[in-house]
Structure formats: C-alpha cells, structure tokens
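Asker: Sequence:
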Amino acid sequence: MINDYRSQIDFRPISPSDAVIDNRISVCIRKRPLDKREIGKKEIDVVTVPNKDHVVVHQPQQKVDLTKYLENQKFRFDYAFDEDCDNEIVYQFTAQPLIKTVFEGGYATVFAYGQTGSGKTHTMSGAFTGKTQDYTAGIYALTAEDVFQRFSHPEYQKLKMIIKCSFFEIYGSKVFDLLGKRSECRILEDEKRSVQIVGLSEVAVTSPEDVMDLIKQGSAQRSAGTTSANANSSRSHAVFQFILRRGVKEEIHGKFSLIDLAGNERGADTNSSDKQTRREGAEINKSLLALKEVIRAMAMGKSHLPFRYSKLTLVLRDSFNNENAKTCMIGMVSPGTNSVENTLNTLRYADRVKELGSDEDGHVNKPPLSDADFMIEETDDDEYYTKSNHTSKHNNSNNHHHHHHQQQQQQHHNSHLSSSNTNNNIDLEENLLIKIRNAEERTFEDHHAMLTVCDKFEELMQSQNDTDNDVEKYAKHLILTCERGSEAMNNLKDSAKDLLNKLQKEREQTKKKSSTRK
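Our numbering applies: residue 33 is where the sequence shown begins, and numbers increase by one.
Think of the hints as simulated: they come from the structure by calculation, not from any bench.
C-beta atoms are modelled at their ideal positions from N, C-alpha and C, and glycine is treated no differently.
Treat the hints loosely; a few may be bogus.
What the hints assert, rightly or not - In silico lysine to aspartate or glutamate, EDC-like type, Cα no more than 16 Å apart, as pairs:
id : residue 1 : residue 2
1  : K248      : D209
2  : K488      : E515
3  : K318      : D209
4  : K525      : D478
Unchecked claim - Label-pair ranges, simulated between beta-carbon atoms:
id : residue 1 : residue 2 : range
5  : D67       : S215      : 45 to 55 Å
6  : K224      : I194      : 15 to 25 Å
7  : Q249      : G137      : 35 to 45 Å
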C-alpha cells in the first residue's frame, strides 16, 4: 500500500534554488535513509517526503471487517529534507541564514532534535566512515567557514572584534567543559542578571581549522566521558558556541549556539530498570519540554520566559531573551518501522514548536496539503483505502527516487510480516515505554500549568501594593484564578497518578521478565 501511495506522488524535493524563509523561529525536518541495522532487520521505510515542506508517516492498518487501509499522517514545516539531501543543503536553509543575525549583534540558536540514531550528530558534526568522523562536512564546520568569511569584511574589522569558541555538555543537571578536561562548571547570574557559566573555557580562534581542532578536542572529551559514565554522550546535550567579542573590554557582540540534543526517546530504558538510567531519561525529557515551553513563551511575546525549569534553558537564557534572537530547530527522523512511534513523537514536538513560532511576522501557519495536492493524478481504478479516503491508481512509471523506495520495500515486506509475531513481547515493552514517556510529558506540562497559576496568584498579591488598586477587579480575578488553579491541580494529580501506574506496570513487567529468565 505504501508503494501504491508513493507511485502517485509528484516528488518535488527541496533544491538549492528555493527561497530561504526569514522567520524568527524556523522548524524543519530531516529524514535519513534506512541504515544497515534496519535493512538487516527487514524493516520497511514508512516515512515519505513528497515536497520541500511536507512529511508523511505511513501506518498500514486493518479494520474489523479485515479491510486493509493506509493511515497517512501528514505534517507541514518550513522545510523538509529527504534522505537524498546532504549536510550542505540542510545547512543552506538552517544555520547559514542566521550568521548575518549574529554579526548584526544578535543571538542565533540551531538545535538538532530526535531519537538516538536519527542523524543528529551526523548533521551537526559530520558523516562517519566506519568509526572515523569527517568533521569538515557537518554544520559546525560549514558555519565556521562562513563565520570567518564574513568576519574578513572591512565593516567588521573596524569593530576590532575577535571570535571565541566554547564547547560544553549538559549531563543531568550538571555542565561540563569539553575544552577543559571535562571539568564541571557552575551557573551563576551577574549583576546585570546575565547567566554566566563559571569555569567554562573560551578559546580565541583565527581560522576554520582552529574551530575544527576544538570540535575534535571536545568530541574526544565527550567520548571519554561516554566510556567511563554509562554512555552519557547520547544522554547529554552538547553545545558549541561561536562568541563574537569587540573592543578592549571584549563585550559580547553576538553569539551563535549549535546544539546536539540528547535523544528524545526512552530507548535506553528498554532493557533496564536501573534508577540511574531512569533518572537520566526523566532529566532529558524535562529539559526538552522546558525548551518547548520557552519557545512557546517567546512566540506568544511573553515578558517572562520559564528558563529555570532546566539547566539547558537556563544556560541558553541570553540567547533566547535577546531582542534580536533567532532560532532554528532541525528535527531528525528515522524511517524504519520499529522507530515509527519515536518518529511521530519528534514530528508532533516539531509541529507544536512550529505552531507556536510562525506568526510573529503575520505569517499564518498553513495546514498540510491533502493527498491530491501532491499526487500526479486522481483515478477511480485499483482502489486502496487511506484514512483520508483518498483513492489512487497503481502507477509503474515513476522517478528514480520512488523506484528506489519500491525496490527496497518489496525486498523486505514479506520477511517483516513473517517475523512480526516473534517480536510481540518486545513490541509490548516498547509500547509501554512510549506510554510512560507520554505520561511524563503530560505530567510535566500539567506541572508547568500549575506553576503558571501560582505565578498569577503572586501577581495578584503584588497588585494589592498599588495605590490605585481596584478591589472589585482584584476579587473577580482572584476567584477566576482559584477556579483555574483547582482545574490545574486536578489535572496534575490525575496525570501524576497515571504516570505512577504506568511505572508500576513497567516494574511488574521487568520482575516477570527476570523470573522467566531464571
């Protein structure tokens, strides 16, 4: 059915000649190809990128009457990169447009988001050949080239600027300097309420080659930490920063933060009930949700942004709080069948960020197109059913891109079906873990909603200090806030109970699994 669907698509992938959108908050998605592990497991590619701004996730389903249909969940973003796009194309539409912002005195942030193994490090640092990584082909290196090219312009030379770089990781609630033997840093506020990372190295650089040396040095520190600390490279956020300083006092002129976020899945918990692993997962989820809440507050124009909910958002506070701040999210998705739930979680997270951040320039979010809008033609022959009730005709002629998909899917489809029964137990475990993760998200969001109501109570209390306070208005607002607080508290209580129940189920499942092995 997926082949039938793809055979009707008029593929129009993004190209270097497409226009770059100037948004304060941009959101894009990058799909990687099936890897050797997925091909070895006979997984099917269930993600399609039909054009430059759409992503479709396919889930074959069966009705009660045994009629088969294809559920196609469509998402629309600023950009969508298919598996044939290289790092240079991704860079052109994500990090490159933000360099101008930094040189104009602004703060820019690019973060790569997605499950472990979805291509975040490949995109940010460069491709791997075996165990060797080509650091010259990632967004770090491409950004360095363009930063120094612009830095050489006479208008910036007059400002007597220097470029410095820092590289650190956030593991749990701690910050480690990757350019200083992975020493732990402290986070403090100065008298101007700016966040300072005490003990963090800032190294002056004079060429892209200097930057590459720092990235290799920092990545080696991170890898060393991985070996000695239970794979915490995939459980930590890595932040590389270009800092433009000017004048004798070396005041900050602009800052560019490039962030490789920790994996957004609970995959590391699948075969472990270890409390440390669970604590890591909870800390990661908390920071990723806090990041979404900060972007939500930015998009809504709120003066108070909830930075303190995680170390990640706290250390990036100045980057988000600046009047001339721009942010780009690159959501990475894996195309295999076994990753579909994590892929959908990434797309929903990105969709929420996009929904929040699109309207600052009067641009209204456009809903996803219908199937017919990117299909070659519509016919009534050879019907197959989709959730959107679209019918289409089998079409054997297609471009090379589709032909590759067809060959790959036909090759693995039967094997995948025959092995599905043996994987039932694993699927049940993964399904429960996904439910736990979703319950964690709901609990955190309800907790945030409760804290927002508490802030409102604080505002009302402070309003009583005003000489021209309207008591009647105060009483009405207080009653309304109490009602909202009651609802928020009930929601928080329910979501916390649901989370606890799911955690208990997982514990019971783990015990049962252990006793069976014995």
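Asker: Compare the structure with each hint and give your call.
Answerer: Checked hints:
Among the hinted pairs, K248 with D209 is consistent with the structure: their alpha-carbon atoms are about 14 Å apart, no more than 16 Å. This hinted pair checks out: K488 and E515 have alpha carbons roughly 12 Å apart, not beyond 16 Å. For the hint pairing K318 with D209, the CA-to-CA distance comes to about 22 Å; that exceeds 16 Å, so the pair is violated. Between K525 and D478, the direct Cα distance comes to roughly 9 Å. Compliance with the 16 Å bound is thereby established for this hinted pair.
For D67 and S215, the hinted distance range of 45 to 55 Å is not satisfied, since their beta carbons lie about 35 Å from each other. Range check, K224 to I194: Cβ separation about 21 Å, and the 15 to 25 Å hint holds. Separation of Q249 from G137 is about 29 Å and departs from the stated range, judged on CB atoms against 35 to 45 Å.
Of the numbered hints stated above, those contradicted by the structure are hints 3, 5 and 7, listed in ascending order.
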